[in-house]
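A.B. asks: Chain by chain, the residues:
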Amino acid sequence: MRAPVTDLPLAFENASLRAGDVEIVSNLELDIAPGAPTILLGPNGSGKSTLLRLAMGLVQPTSGGVTWGGRNEPGERLAMMFQRPVMLRRSAAANVAYALGKHDKRVGELLAQAGLAALADRPARKLSGGEQQRLALARALARDPEILFLDEPTASLDPAATKAVEDIVSAVASSGVKIVMATHDIGQARRLAGDIVFLARGRLIERADAAGFFTSPATPEATAFLRGDLVI
Amino acid sequence: MPDGASALQLVFGGDPALYGIVALSLYVSLSAVILAALVALPFGAFLALTHFPGRTFVVVVINAFMGLPPVVVGLAVYLLLSRSGPLGFLGILFTPKAMIVAQALLVVPIVAALTRQVIEDLWVEYREELTALRVTPSRRVATLIWDARFSLVTTLLAGFGRAAAEVGTVMIVGGNIDGFTRTMTTAIALETSKGDLPLAMGLGLVLIILIIAVNALAWGARRVGEIRAG
Chain A
1 MRAPVTDLPL AFENASLRAG DVEIVSNLEL DIAPGAPTIL LGPNGSGKST
51 LLRLAMGLVQ PTSGGVTWGG RNEPGERLAM MFQRPVMLRR SAAANVAYAL
101 GKHDKRVGEL LAQAGLAALA DRPARKLSGG EQQRLALARA LARDPEILFL
151 DEPTASLDPA ATKAVEDIVS AVASSGVKIV MATHDIGQAR RLAGDIVFLA
201 RGRLIERADA AGFFTSPATP EATAFLRGDL VI
Chain B
1001 MPDGASALQL VFGGDPALYG IVALSLYVSL SAVILAALVA LPFGAFLALT
1051 HFPGRTFVVV VINAFMGLPP VVVGLAVYLL LSRSGPLGFL GILFTPKAMI
1101 VAQALLVVPI VAALTRQVIE DLWVEYREEL TALRVTPSRR VATLIWDARF
1151 SLVTTLLAGF GRAAAEVGTV MIVGGNIDGF TRTMTTAIAL ETSKGDLPLA
1201 MGLGLVLIIL IIAVNALAWG ARRVGEIRAG
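Residue numbers (my numbering), protein chains in the order written: chain A, 1 to 232; chain B, 1001 to 1230.
Just so you know, these hints were derived from the structure itself, not from any lab. Beta carbons are placed, not taken as given, at the ideal position from N, Cα and C, and that holds for glycine. Do not rely on the hints blindly, as some may be mistaken.
Label pairs and their calculated CB-CB ranges [said to hold, decoys possible]:
1. B:Gly1088 <-> A:Gly108: 55 to 63 Å
2. B:Arg1127 <-> A:Asn72: 20 to 28 Å
3. B:Arg1055 <-> A:Arg84: 28 to 36 Å
4. A:Arg106 <-> B:Ala1142: 15 to 23 Å
5. A:Arg227 <-> B:Arg1127: 34 to 42 Å
6. B:Phe1150 <-> A:Ser174: 37 to 45 Å
7. B:Val1071 <-> A:Ser128: 50 to 58 Å
A partial selection of chain B residues facing chain A, derived with a Cβ cut-off under 8 Å [unchecked claim]:
8. Asp1147
9. Ser1151
10. Arg1228
11. Ala1229
Let the hints inform the model, and build the full structure from the sequences given.
C.D. replies: As structure tokens, then:
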């Protein structure tokens, strides 16, 4: 049963993050509402991962703010999968149980959802890259998230492993979990996106529904990115 | 131990006095390491994960205490446990218990300092993941100690090495009483002072073999654990 408190909409209110003299994210105004997956698209270094960390509450903006369902503190039902997830030094099942806080039948269900049921007792660090990503996904789902943040979840995976992860993400999105995913892979964005947030140089350049973005991008930067040009 | 006996005769002749000394040495040193680990592992992890005013000073002191002079520790423990000392009522001076306490005091800074470093390095890797999983601070400590367990074995071995090789402290608080508080190191010191150098060297050889055996066992256990846990 869902808790009455919701973290949606997730709102960035003129949020900026500086590290020394470098502004990593600049004056971000963005609302993320329930619905189809929101894809953060943009070249490397555009601020996608930082935006996810701000959204997860892992870092605080140096100016402006972030609110979750109108509150200034993030709720408990946020989960994040990192580009290079850390596998705890224990079995795959124990990794999921760790996130659940207990070892019950839900562990098996989550591993099955990730296609890892047969590898439950395998040390997590001995799984392949794709299996580790799926285990990280299962671990994130163990938190029963309302919003699931995914940071380049398939960046280093082969096509088969990428498809396995994307299938899980699609299934999770269909179940009502809000997906917010960073990627620089245009094809992946096409396959998964409900709407696109296009970033470059730490700035929000364009926000559009996926169909409109890919057929008629409104900005020169997005047009160049979709054409395959370097956006610096 | 009979005067004039060679080390080989002692080892292979089944000399009960020698075995008693070996058993006591292992008992005291291993107990000291276990006692120290109970305090130093969580303390080292706490230091690694928290920031408070004076933390740097504490870290510097703990690091410096890795080189704590054993005779000074022995003297301090002696004064504490002597009949007129604040802990004299315990009545454990010149017993193996006092030796364990003294050796544990020597081992605590080594294990705490090395644990802090190991956990701090691991925390850099784990920080975002555990924060995203909303893991509580106490669970973080337990998680990091568990996941660093193979590296911490080396830390404990360093502590064991310090304890097993120690002579000054146990001499002061144990008294080197034959059949009761005599360890390998104090026996070596005694035989050397008596001029029985071959026997002292033989005992030293036995001590080195013991330390190597304990380290080999721990290393083997670590490798098996690493293979199983990944």
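A.B. asks: If a hint holds in the structure, say so; if it does not, say that too.
C.D. replies: Hints versus structure:
no.: 1; hint: B:Gly1088 <-> A:Gly108: 55 to 63 Å; in the structure: 59 Å, holds
no.: 2; hint: B:Arg1127 <-> A:Asn72: 20 to 28 Å; in the structure: 22 Å, holds
no.: 3; hint: B:Arg1055 <-> A:Arg84: 28 to 36 Å; in the structure: 29 Å, holds
no.: 4; hint: A:Arg106 <-> B:Ala1142: 15 to 23 Å; in the structure: 22 Å, holds
no.: 5; hint: A:Arg227 <-> B:Arg1127: 34 to 42 Å; in the structure: 39 Å, holds
no.: 6; hint: B:Phe1150 <-> A:Ser174: 37 to 45 Å; in the structure: 41 Å, holds
no.: 7; hint: B:Val1071 <-> A:Ser128: 50 to 58 Å; in the structure: 56 Å, holds
no.: 8; hint: Asp1147; in the structure: 4 Å, holds
no.: 9; hint: Ser1151; in the structure: 10 Å, violated
no.: 10; hint: Arg1228; in the structure: 7 Å, holds
no.: 11; hint: Ala1229; in the structure: 5 Å, holds
Hint compliance for this structure: hint 9 is the single one not met.
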